[in-house]
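Enquirer: Here is how the chains run, residue by residue.
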Amino acid sequence: MLTKRKSGDANRTKIPAVTAGLAREGVDRRTFLRRSGLAAGGLAAIGSIELGSVKKASAAGSAVSGPDVVIKKNVCTHCSVGCTVTAEVVNGVWVGQEPSWDSPINRGTHCAKGAAIRELVHSERRLKYPMKLVDGQWQRISWDTAINEIGDKISAIREKSGADSVYWLGSAKFTNEASYLFRKLGAFWGTNSVDHQARICHSTTVAGVANTWGYGAQTNSYNDIRNAKTMIIMGGNPAEAHPISMQHVLAGKEINRANMIVIEPRFTRTAAHATEFVRIRSGTDIPVIWGMLWHIFQNGWEDKEFIRKRVYGMDDVRKEVAKWTPDEVERVTGVPGEQLKRVAEMFATQKPATLIWCMGATQHTVGTANVRAFCIACLATGNVGAPGTGANIFRGHTNVQGATDLGLDVTTLPLYYGLVEGAWKHWARVWEVEYDWLQSRFDEVPAIAGRKPRSRKENMEAPGITSTRWFDAVNLPEDQIDQRSAIKAMMIFGHGGNTVTRIPEAVKGMSKLELLVVADPHPTTFSALDARRDNTYLLPICTSLEMDGSRTASNRSLQWGEQIVKPAFESKTDYEAMYLLAKKLGFADKMFKNIKVENNVPLAEDLLREINRGGWSTGYCGQSPERLKAHMKNQAKFDLVTLRAPKDAPEVGGDYYGLPWPCWGKPEIRHPGTHILYNTNLHVKDGGSCFRARFGTERNGQTLLAEDSYSLGSELTDGYPEFTMGVLKKLGWDKDLTAEELTVITKIGGNNVDTVSWAIDLSGGIQRVCLDHGVMHYGNGKARANAWNLPDPIPVHREPIYTPRPDLVAKYPTRPDERQFRLPNIGFSVQKAAVEKNIAKDFPIILSSGRLVEYEGGGEETRSNPWLAELQQDMFVEINTADAADRGIKEGQWVWVLGAEGGAKVRVKALVTERVGRGVAWMPFHFSGWYQGADMRSHYPPGTDPIVLGESVNTVTTYGFDPVTGMQEPKATLCQIRAA
Amino acid sequence: MARMKFLCDSDRCIECNACVTACKNEHEVPWGINRRRVVTIADGTPGERSISMACMHCTDAPCAAVCPTNCFYTTADAVVLHSKDLCIGCGYCFYACPFGAPQYPRVGNFGSRGKMDKCTYCSGGPEADLSEAEYVKYGANRLAEGKLPLCAEMCSTKALLAGDSDIIAQIYKERVIKRGYGSGAWGWKTAYRETVAI
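Sequences listed follow chains A and B, in order.
Residue numbers for the first sequence follow my numbering, so the first one is 1 and each next one is one higher.
Residue numbers for the second sequence follow my numbering, so the first one is 1001 and each next one is one higher.
Bear in mind the hints are in silico, worked out from the structure with no lab data behind them.
Don't take every hint at face value.
Simulated restraints, written as ranges between beta carbons of each label pair [claimed, not checked]:
no. : chain 1 : residue 1 : chain 2 : residue 2 : range
1   : B       : Ala1042   : A       : Glu598    : 53 to 63 Å
2   : B       : Lys1189   : A       : Ala636    : 31 to 41 Å
3   : B       : Ala1042   : A       : Arg451    : 52 to 62 Å
4   : A       : Asp886    : B       : Ala1042   : 35 to 45 Å
5   : A       : Gly892    : B       : Thr1195   : 34 to 44 Å
6   : A       : Gly888    : B       : Gly1047   : 20 to 30 Å
7   : A       : Tyr129    : B       : Gly1180   : 36 to 46 Å
8   : B       : Lys1189   : A       : Asn838    : 53 to 63 Å
9   : A       : Lys512    : B       : Ser1112   : 54 to 64 Å
10  : A       : Lys512    : B       : Val1107   : 28 to 38 Å
Backbone N, C-alpha and C define an ideal beta-carbon position, used for all residues, glycine too.
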């Protein structure tokens, strides 16, 4: 943006003596043609190219005798698309990166980050050895010292303040295996306060989507967007956040001449390629969707058959939608009725249509309700469960989907079993530990401030504290925090410190902690914020590229990444760091009972096998390490659009790429995975399924089971509930179980064998038998337009806490103050005070945040990469030309952005642009290292400071939390901007 | 012989900068030197388009015409390369180039700029193919390995095409016919004195 090239501070010239003339593989004519992007059909032109270059290649190949080049494949860590990274390794050094032509997902391509990813591994700015802060100075220490001191300190804190006083913050860059291990570590430690980045990106998606139709994930895939005739991208900017997805989006647009509609407050780089751009006011997604549905219902464009057969509660939606006449929609959102009518007609009638969303939808106090409204739009128009349709949710990191699935979440154990007694007992069986021992690890919570006490068992089943509010759980008076004590220690693995709103409060929290441990390839913002002098440790962890293990992309495909090179410097893998901690804490033997550990490093394959043994609920049971490795080896076999390999392909025949979950049963039964969720046009053994019967069978006299709808070839030709041993017996299908399966089921069930469900049957027998009968063991239910268990069963519009339209607050207030996740959520009081103080007058500009293509997340890693850092050297704020003119602000000058809370401010450069509308400002969220005008570079351990530093937008973001998931509100708040 | 060219489909380019960092990665290009970059016009308004730019390896290259030391030469594949041994860093080529391709390690007049650096179409320089001397001065030589420039190979949306002129023009033509729009092969008229007829 501002200064693409800057002379003067040229960094370093680094041309390592890479062995010249590496004996790389020769190239045949076919490969050469494919590289030029030529598909079959253009062969007429080859005559002109074959000579020169090919000849040279073979000549070079024969003349050079260099060291052997080893090709290793891993997965890019910078978003959830799941691009394969192909590395050339010589003598243990990663010397080159080649296009990954065979991957059906990225087909050779990368974005700026993926194409620069080699630098992450040998970055000079990585944390090279363990360090601790002694009287404000960083000191190098050994791993032994670090683990011993950390272990002693958390044990002492536990003794004094309880297990819940130590917070475990994990990472979306973990592999599946590390995610699972971290959750297990939390369970063995005795707390449910185990969280990760999904909290701040798509927790509301997971909650909203799962509450609608059963599972909280993207229903289709990036590749499947090629089938769409209409796509709405709402609250997402894939051109910057998920560039490789645009390959599929633009292909759909071109091949089908599809409508590509972008609904956004900002004219993004994605919008530049849209066929229609709809500019909305931040935080008014629900009125926009209801405005579309108003036209759809008014004109009878809804899919009546689909609704009748597969949706519960759509009539309740009609009542709410009726309130959103075109006039009211325009008054609240700013979108003209005619435009919305046009978009609504396209979405409902030019099918298949897909709705794509990202953090513009999810990061709101109404995030869960937004997502629910989006799902309802898909349901009303019959756009779910078929190619080209669906809720295509683009998630953020390599493995944020997998880390969510594997339970880095304060409300559940791995794979969405929840925290109920049955869930704990299930995992206790998988882990082969005593349920009672696990229970004994948890705190008893005394009665505080009139709240009920919790026994160990009750505390074990109570959701933990969300990562968005860890510092509130440090700062608030103890009587407001519903656990044995406030948070005293933070164990932070792979998680930036600048990604959460209200940084000034976080700084206060940091200074009060008794212990802060950061385990990461980089020291992160936590070390730059000048809040501590002692009891702070940095553990160098290698990047995900230096680790074996599987990652789950947004489309639920699992890909096995192999360690490209050994962990650099003194860094260790997440696996090893966790093992060392568990050993120090005295439960390693229990925790790694069935996992092979070599030289303190647990084997990733064994971890996945353990996940397979317990992963029945979500279909993580069929993806054995052997199958996943075969997929990576045979990538070229998979179809670009269907993601399926031909039936006769060796090793992977009939599979969908990456065995997208759910992949049912044991690996041996070779379920192909599920490319498109809830697709009834396929047999369940071919990846077909129906909506999950997760919410009972009947409500208020209406059935919750599907009517006249079932998956292809099902022996049950109507809706049915989920399967237990009892249901199996009623149908007489229990006879199909093998003796071994029956033994396992009997052992689990004890005196109540009939209650053993498909999700806790460790034999996989119930799933296998159901699949053989063509039925889905999780039942055949209706999706819920009315989710009665949520705070707003039918989504209703609620103004942002800090709204530029205080006149609308009386009609559309935020939810009343409530207690959630052990803390008070006083959003209503904050909104009321803001209106009374007329905050919108002094802070008239809407502030929103988002992503740049060059950087990722908190940005420490990418801002340390010179190839990327050179492209974005300054933190900036986008300000509309009119707003800039009003304030006498010129392009490129320094400005102060003033936050609406506590006098917070940031000093950034102005980017004056029409990209944002009048009264709107936007900042990227990747920067840190400056704090309220001060450069904090000297606070990093020497040599580990990222190349580019800047103010964090979250220094000026404000209060507001989604009631269902504790999601923060960085997308719609208020600010003022002044020349600096 | 092939006639190697670049073609950037501006209706596909999303300014993701993969081409820029792929180039850095492949050749270990130092900070401050950008053999390739992405230029966006009408930024933030309807009509916004981005184009990835580097040396276009022109027919009758103007850089070669003005070079006082005659350091430029055109390969059999029609790639315009130069010799850093002959270059005196005078900067004439920078002024002659219609695409702003030549880059210099230092800022200054005449010889004080240092040896000029630019896109080599991933095909090195005058030294022996795949030799260490070639790598140090010019970066990798992918063409000699039978590969195409990494910027185009890694382009996120396959907007940037590299390869033989006839083939990439054909790909672009088919694309435009299929989708019904296309703003043309940007820069071709200037670089190659021809354009892609559709």
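Enquirer: Verify the CB-CB distance for B:Ala1042 and A:Arg451 against the hinted window 52 to 62 Å.
Expert: holds (58 Å)
Enquirer: Range first: 36 to 46 Å. Now tell me if the beta carbons of A:Tyr129 and B:Gly1180 are that far apart.
Expert: About 59 Å separates the Cβ atoms of A:Tyr129 and B:Gly1180, which means 36 to 46 Å is violated.
Enquirer: I want to verify a distance hint. Is the separation of the beta carbons of B:Lys1189 and A:Ala636 within 31 to 41 Å?
Expert: holds (39 Å)
Enquirer: Okay, A:Lys512 versus B:Val1107 on CB: inside 28 to 38 Å?
Expert: violated (49 Å)
Enquirer: Starting from the hint 53 to 63 Å, judge whether the C-beta atoms of B:Ala1042 and A:Glu598 obey it.
Expert: holds (57 Å)
Enquirer: 34 to 44 Å was suggested as the range; check whether the CB atoms of A:Gly892 and B:Thr1195 agree with it.
Expert: Because 36 Å falls inside the window, the suggested range holds.
Enquirer: For the range 53 to 63 Å, tell me whether the beta carbons of B:Lys1189 and A:Asn838 fit it or not.
Expert: holds (58 Å)
Enquirer: For A:Gly888 and B:Gly1047, compare the CB-CB distance with the range 20 to 30 Å and indicate the outcome.
Expert: With a Cβ separation near 28 Å, A:Gly888 and B:Gly1047 satisfy 20 to 30 Å, so the hint holds.
Enquirer: If I claimed the Cβ atoms of A:Asp886 and B:Ala1042 lie 35 to 45 Å apart, would that claim hold in this structure?
Expert: violated (23 Å)
Enquirer: Quick check: does the Cβ-Cβ distance between A:Lys512 and B:Ser1112 fall within 54 to 64 Å?
Expert: With a Cβ separation near 56 Å, A:Lys512 and B:Ser1112 satisfy 54 to 64 Å, so the hint holds.
Violated hints for the displayed structure, listed by number in ascending order: 4, 7 and 10.
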